[in-house]
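Line by line, the protein sequences are chains A and B. First residue of the first sequence: 132, per our numbering; consecutive thereafter. First residue of the second sequence: 37, per our numbering; consecutive thereafter.
Watch out, some of these pointers could steer you wrong.
[Unchecked claim] Result set (SDA-like, lysine to any residue): computed pairs, CA atoms no more than 25 angstroms apart in a straight line: (1) A:Lys-334 / A:Pro-364; (2) A:Lys-334 / B:Arg-123; (3) A:Lys-279 / B:Leu-275; (4) A:Lys-256 / B:Leu-75; (5) A:Lys-279 / B:Arg-123; (6) A:Lys-334 / B:Tyr-45; (7) A:Lys-279 / B:Phe-59.
[To be verified] According to the in silico footprint, chain A covers these stretches of chain B (three or more CB under 8 angstroms from chain A): (8) 53 to 66; (9) 114 to 126; (10) 139 to 153; (11) 164 to 178; (12) 206 to 215.
[Said to hold, decoys possible] Away from chain B, derived, C-beta distances all over 10 angstroms, residues of chain A: (13) Ser-171; (14) Pro-184; (15) Thr-206; (16) Val-221; (17) Trp-278; (18) Tyr-307; (19) Pro-322; (20) Asp-345; (21) Leu-363; (22) Pro-364; (23) Gly-389; (24) Gln-400.
Derived from the structure by calculation, the hints contain no laboratory data. Glycine included, every Cβ here is placed at the ideal spot set by N, Cα and C.
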Amino acid sequence: MTAASEAQSRSDSGAEAAPAVGWRARFWRNEELRGLALISPTFLYALLLLLAPVLVIVAFSFWTQNYLEIDHTPTLANYREAWSDPLYRVLMFRSLAVSALVTLITLILAYPMAYFLSFHITRHKALWLFLITIPFWTSYLLRVFAWKIILGYNGAVNATLMELGVIEAPMEFLLYNVNSVVITLAHAWAPFAILPIFVSLEKIDRSLLEAATDLGDGPVMRFLRVTLPLSLPGIIAAALIVFIPTVGDYVTPRLVGGKDGLMISNMIQVQFGKANNWPLGAALAVSTMVIVTAASLCFVGVMRQLGSRFR
Amino acid sequence: MKLRPLTIYAVAYLAFLYVPVLFLPVFSFNDSSIVAFPLKGITTQWYSELWHNDTMLGALWNSIKVGGATAVISTILGICAARALTRYDFRGQRSMAALIMLPLVLPEIIVAVSLLVVLLQLGFSLSLVSVTLGHILMAVPFSIAVLTSSFEGFDRSLEEASLDLGEGPVATFFRVTLPIVAPGILSSLLITFTISLDEFIVAFFLSGTEPTLPVYIWSQLRFTARLPHVLALGSMLLLMSIILLSVAEVMRQRAARRAGTSPSGGLV
């Protein structure tokens, strides 16, 4: 009996046959527990202040607003309204279309820049990267506001052209429409697309390019058959990083979109604010999340398919 | 020869990134309340008038309080998570990391609205505390991203040596690990402070009656007469952010060097 348990404990604790290990000591020796304990404050914070609130929003979307009271009987009425009312449909389609266009523009603009950084910059690479990331950190509100100054009715472009006598009245089509929203978003999100593409280009084994050249591919074919397919993960990541947040952008449509450039998040804000219909606002928010997720998954699927056809 | 067109493109791209924003400081010194070319002359009137604006100074102080609290708390949470993710393997690691990093891709309005609903339902009133809670959520992923680069490639034998020499795990952390990653931590503090300083949406939804600086700027945007003041304020905010970020970048590179991973390129 004693011999058996002794053998047991010896095989358990391995080389260091420590007798009667306390729970604290055992805790410090268990790598998995230590990792879990260390991440738990951050994880719990995200659980309580991100996941739980989002679930509450989902719950709200099935409830009804009765003046100041919330009726907790589950219903799909909010979703019926969110999906059938032409106003919400227009806003949702516009948000998706604007974001898709902005994503396309930022990707096309960012790719050559990322390529340049990865293949042509040998010295001062960190400085170049830093210059690109500064706008990424500085105030989003101010970057959007700058375009209002440039494009506005009394803005820099109009006032300057009038001062010079080129035009007699301010051009109204510059600001407060979908175009100005697209221009502003494409500018504000430009730096976000560069980094993921840059990272995937950096990972490409340069000897593959030499091999392609040795096997007779010209620069264009080499790019299309080696570089571009291998940078696909970066392109996908960049597209998602730009597309997902821009669908829910509030500041840009509000500041430069006018009446015809408003997007879905402006309506979500109205429902949680002035209209005071939280359940409907929640249904709009949840619908947006679901649609964006579905669109992103489709996009990733299509891109993967394209990528596999290259090889 | 081949390099040329791409270099021109790169410079043009940088110009595209910076020129629109440069309109703010340029017009903030313009001696005219109308924002238009040609410039009328140089004045510091808009800046000096700002210092007598108590609402603005109050908003600035609010932003500094929120930013300071956000920086400290999100960096502590970031240290825990970055250390756990780089040093240990455990079940559920990837899904936990995914949830923590989620605010990076979630539309901000979702974060703002869901926090608003929960806080009001629980009976909290909106204040700078609620803004700080939201900002921590948004800043932690960035803190983790910055700190991971200084925890990764970290020579574990240094810690093992300390443990072998008789230090406990806690003492080892404070006497060996912490000094090595200190520049990374400083970089994280500065970056999370800047994020909070510049963040608008969450502050807009959760600030109640105490505006932060971006919320104050937003409230001034509809008054055309106030535009030059907003430009002056915005320019100062930009300058502050750029200074903080530059220091953070220098720190980050030092951290990467200390941890043994070479920072890409090097500032020289």
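Do the hints match the structure? See the list:
1. Between A:Lys-334 and A:Pro-364 the alpha-carbon distance is near 11 angstroms, which keeps this suggested pair within the 25 angstroms criterion.
2. Distance check on the hinted pair: A:Lys-334 and B:Arg-123 sit about 23 angstroms apart at the alpha-carbon level, within 25 angstroms; holds.
3. Note on A:Lys-279 and B:Leu-275: the hinted pairing holds, with a Cα-Cα distance of about 20 angstroms set against a maximum of 25 angstroms.
4. For the given pair, A:Lys-256 sits about 36 angstroms from B:Leu-75 by alpha-carbon distance, which is inconsistent with the 25 angstroms threshold.
5. With a C-alpha separation of about 47 angstroms, the suggested pairing of A:Lys-279 with B:Arg-123 is violated against the 25 angstroms cut-off.
6. This hinted pair checks out: A:Lys-334 and B:Tyr-45 have alpha carbons roughly 23 angstroms apart, not beyond 25 angstroms.
7. In summary, the hint linking A:Lys-279 to B:Phe-59 is supported, as the alpha carbons are separated by about 11 angstroms, within the 25 angstroms threshold.
8. Note: the segment 53 to 66 of chain B has 7 residues with beta-carbon separation from chain A under 8 angstroms; the three-residue rule is met and the coverage holds.
9. With 10 residues having a beta carbon nearer than 8 angstroms to a beta carbon of chain A, the segment 114 to 126 of chain B meets the requirement of three or more and the stated coverage holds.
10. Taking a C-beta to C-beta cut-off of 8 angstroms, the segment 139 to 153 of chain B contributes 14 residues in contact with chain A, enough for the three needed, and the coverage statement holds.
11. Restraint check on the segment 164 to 178 of chain B versus chain A: 5 residues with Cβ-Cβ distances below 8 angstroms, three needed, restraint holds.
12. With 0 residues carrying a beta carbon less than 8 angstroms from a beta carbon of chain A, the segment 206 to 215 of chain B misses the three-residue requirement, and the given coverage is violated.
13. Separation of A:Ser-171 from chain B is inadequate, the least Cβ-Cβ distance of about 8 angstroms not exceeding the 10 angstroms criterion.
14. Against chain B, the non-interface label of A:Pro-184 is violated: not every CB pair exceeds 10 angstroms, the least being about 4 angstroms.
15. Every beta carbon of chain B lies more than 10 angstroms from that of A:Thr-206, the smallest distance being close to 18 angstroms; the non-interface claim holds.
16. No beta-carbon of chain B comes within 10 angstroms of the beta-carbon of A:Val-221; the shortest separation is about 18 angstroms.
17. Some Cβ of chain B comes within 10 angstroms of the Cβ of A:Trp-278; the nearest lies about 6 angstroms off, and the non-interface call is violated.
18. The non-interface label for A:Tyr-307 is consistent with chain B: the shortest C-beta to C-beta separation is roughly 14 angstroms, beyond 10 angstroms.
19. A Cβ of chain B approaches the Cβ of A:Pro-322 within 10 angstroms, the least distance being about 6 angstroms, so the stated non-interface status is violated.
20. Non-interface call for A:Asp-345 relative to chain B: holds, since the shortest CB-CB distance, roughly 19 angstroms, exceeds 10 angstroms.
21. At roughly 19 angstroms, the least C-beta separation between A:Leu-363 and chain B is larger than 10 angstroms, which holds for a residue marked as non-interface.
22. No beta-carbon of chain B comes within 10 angstroms of the beta-carbon of A:Pro-364; the shortest separation is about 16 angstroms.
23. Listed as outside the interface, A:Gly-389 is consistent with that label: its C-beta sits roughly 14 angstroms from the nearest C-beta of chain B, beyond the 10 angstroms cut-off.
24. Non-interface call for A:Gln-400 relative to chain B: violated, since the shortest CB-CB distance, roughly 7 angstroms, does not exceed 10 angstroms.
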